[in-house]
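So the sequence lines, in the order shown, correspond to chains V and Y.
Numbers 4 to 291, taken from the numbering used here, label the letters of the first sequence in order.
Numbers 836 to 1080, taken from the numbering used here, label the letters of the second sequence in order.
One should not assume that every hint holds.
[Said to hold, decoys possible] Only part of the chain Y face toward chain V is listed, based on derived beta-carbon distances under 8 Å: (1) S851; (2) H853; (3) H1025; (4) H1029.
[What the hints assert, rightly or not] Restricting the straight-line Cα-Cα distance to at most 27 Å, the calculated cross-link-like pairs of lysine-lysine (DSSO-like) are: (5) V:K154 with V:K144; (6) V:K282 with Y:K859; (7) Y:K950 with V:K144; (8) V:K289 with V:K276; (9) V:K277 with V:K289; (10) V:K246 with V:K144; (11) V:K133 with Y:K859; (12) Y:K963 with Y:K1077; (13) V:K273 with V:K283; (14) V:K276 with Y:K950; (15) V:K221 with V:K154; (16) Y:K859 with Y:K1077; (17) V:K289 with V:K274; (18) V:K221 with Y:K1009; (19) V:K283 with V:K221; (20) Y:K1009 with V:K277; (21) Y:K1009 with Y:K859; (22) V:K274 with Y:K1009; (23) V:K154 with V:K177; (24) Y:K1009 with V:K273; (25) Y:K1009 with Y:K1077; (26) V:K276 with Y:K1077; (27) Y:K950 with V:K154; (28) Y:K1077 with Y:K1054; (29) V:K273 with V:K199; (30) V:K273 with Y:K859; (31) Y:K950 with Y:K1077; (32) V:K221 with V:K199; (33) V:K72 with V:K144; (34) V:K177 with V:K65; (35) Y:K963 with Y:K1054; (36) Y:K1054 with V:K277; (37) V:K133 with V:K72; (38) V:K246 with V:K282; (39) V:K199 with V:K177; (40) V:K273 with V:K249.
Honestly, the hints are just simulated from the structure, not real lab data.
Each residue gets a CB set at the ideal place from its N, CA and C atoms; glycine is no exception.
Each chain, written out:
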Amino acid sequence: MISLDYDETLQAAAGHQAEEIRERIMREHPGEYVLAVEGNAPTGDGGVYCTVAGRTFLDILKESAEGAKAIIAWGSCASDGCVQAASPNPTGAKPVHEIIHSHPIINVPGCPPIAEVMTGVLTYILTFDKLPELDRFGRPKMFYGQRIHDKCYRRSYFDAGQFVETWEDDGARKGWCLYKMGCRGPMTYNSCSTFKWNNGVSFPIGSGHGCIGCSENKFWDNGPFYTRLTNVPLPGVESTPDKIGKYAAVAAGVGVAAHAASYAANQGIKKAKKNRQTKKLLESDKEE
Amino acid sequence: MARRVHPINIIDVARSPHRYFRRKYVWQWPVRIFHWVNAVAVTVLFSTGLYISHPILAPAGEPFNNFVMATVRQVHFIFAFIFLINFLWRIYWFWFGNNYARSGFPFFWRRSWWKDLFRQVGDYFSLKRGHVHLGHNALAGLSYTIFVIGLGWVQIFTGLALYSESNPGGFWSKLTGWVIPLLGGSMQTHMWHHLFAWGFIVFAILHVYIVFYDGQQYKNGLVTSMISGVKFYRNGDLENDKWLS
Ligand code: HEM
Ligand code: HEM
Ligand code: SF4
């Protein structure tokens, strides 16, 4: 049975009663309850940036995790840190798996995660009484085993080489692939292109916008969203790999050209010297 | 010990060159095969790679008429594996080839290597013939180590990691998938793979120029040596390879 006893949007209790319920679950069901965490805990300055009922979220999280059977990190905040953890991360926000190391953690990233995926994970645990198989990043393989790109209905346009170039062009109208508009589908593992959103109504690519990769770690720092490649992380400059590469190639070309020119000039000087000497010899011959 | 050859007398050289120049088989066939397969593979990989990130052809018609992007990616992957096998083959040959096959190694713990390196740089600035090697000089060897072996490993690992994305948990994913989180994600892996691709262009510009320049200076059949395997040498040239041993 699923009983959402402590969940700020669904619980009946409020205030001290709500906190009491949390404590009661921990007392009465140690090792049995699943702790599903939303949001992440700021760890800077002792965790003061997120305080619930006079205690830091960090503190409450650690305490509640102790007796949990497993922890689910709902959404990209709890799984990866998300926007709160974006560079330079002033509050020291950390995803659950960087705070708690003693319990199995299931990451269910997405900003937000798909409702069916969330319920699917819980239902799986309930039905089979075990945790779903996880990938390298602690995500359930059954929902995060394929990329958006692998099941995207615009994939045939990708393979054909037909891409949207601007939001107003003919390709955009015909529903061509959004790769050149910065679509993160090729690097994002999630189920959006498989069962879509809101009971299968649509999903971002279906609405004509590229995927922003919201279920991938660091998507919030991987801008710009509308270009395919991120910038090279050089301090102080924003540069694409192509720009830096071209500068380097031009520098090499200029170096080579300068060397060739000085070699040619050097050869010319030598030749001129020799010519002058021969001329002198010839002239002195004439005089004799 | 260098074999004795006569001092140069231009008329006599023309009449009987073998008395002045000696030939030596330097690049064995595996090195030459490696070289040209590598040069072709790098060229194809760079151009297909750049196309993958800027696909500009935009063919008309319906998707079922076209397979442009998929074909370019397929070619990139095929040449990637050619590049990889060729690369591993050359590393194998480092141990089993002749001494010249090892001459590119940066022996940075030897003083003689550093001396050769600075002498070579000096030669390029003074625009003189300088000292001629049969194997790679220290500077050339260093450039191959950094630009071909070093960049090669970077491209192989980042490339295979990207390749493995379509099958997480599969063979390539187990072998090289760890590269992606190490670099901070798939976006960063693409970015580095793309940035370092340009390293090969920088190398090719410098390398091809230097080969032709050296060939002009040395007049020892350098340019064609990567085809025939043979270089010529004069009195004293062999001395310059002594630092290798
Ligand atoms: C000399 C070696 C190589 C060069 C110059 C090169 C160049 C490139 C470039 C410029 C890109 C575009 C990157 C982007 O914008 O996303 C690319 C993509 C790629 N390369 Fe390479 N590459 C090389 C070797 C390899 C190797 C050894 C592999 C291994 C299989 C590989 C696999 C890939 C993959 C999977 C992609 C991504 C394709 C996609 O996103 O659809 N590359 N390469
Ligand atoms: C017209 C084009 C080229 C010519 C004529 C050429 C010629 C040569 C020659 C003569 C050498 C031996 C130089 C020495 O004694 O140190 C050499 C070595 C080498 N070249 Fe090239 N090259 C060409 C293009 C390239 C390209 C495009 C690449 C790769 C990006 C490349 C990679 C190498 C490597 C790795 C070596 C070292 C060979 C070894 O020890 O295995 N070359 N090349
Ligand atoms: S729209 Fe995005 S996910 Fe779909 S095929 Fe194009 S690149 Fe892949």
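Hints, verified against the model:
no. : hint                 : verdict
1   : S851                 : violated, 27 Å
2   : H853                 : violated, 29 Å
3   : H1025                : holds, 6 Å
4   : H1029                : holds, 4 Å
5   : V:K154 with V:K144   : holds, 15 Å
6   : V:K282 with Y:K859   : violated, 41 Å
7   : Y:K950 with V:K144   : violated, 57 Å
8   : V:K289 with V:K276   : holds, 20 Å
9   : V:K277 with V:K289   : holds, 18 Å
10  : V:K246 with V:K144   : violated, 38 Å
11  : V:K133 with Y:K859   : violated, 71 Å
12  : Y:K963 with Y:K1077  : holds, 21 Å
13  : V:K273 with V:K283   : holds, 15 Å
14  : V:K276 with Y:K950   : violated, 33 Å
15  : V:K221 with V:K154   : holds, 23 Å
16  : Y:K859 with Y:K1077  : holds, 16 Å
17  : V:K289 with V:K274   : holds, 22 Å
18  : V:K221 with Y:K1009  : holds, 22 Å
19  : V:K283 with V:K221   : violated, 76 Å
20  : Y:K1009 with V:K277  : violated, 68 Å
21  : Y:K1009 with Y:K859  : violated, 46 Å
22  : V:K274 with Y:K1009  : violated, 64 Å
23  : V:K154 with V:K177   : holds, 19 Å
24  : Y:K1009 with V:K273  : violated, 62 Å
25  : Y:K1009 with Y:K1077 : violated, 45 Å
26  : V:K276 with Y:K1077  : violated, 36 Å
27  : Y:K950 with V:K154   : violated, 59 Å
28  : Y:K1077 with Y:K1054 : holds, 21 Å
29  : V:K273 with V:K199   : violated, 76 Å
30  : V:K273 with Y:K859   : violated, 32 Å
31  : Y:K950 with Y:K1077  : holds, 12 Å
32  : V:K221 with V:K199   : holds, 23 Å
33  : V:K72 with V:K144    : holds, 20 Å
34  : V:K177 with V:K65    : violated, 51 Å
35  : Y:K963 with Y:K1054  : holds, 13 Å
36  : Y:K1054 with V:K277  : holds, 21 Å
37  : V:K133 with V:K72    : holds, 10 Å
38  : V:K246 with V:K282   : violated, 53 Å
39  : V:K199 with V:K177   : holds, 20 Å
40  : V:K273 with V:K249   : violated, 36 Å
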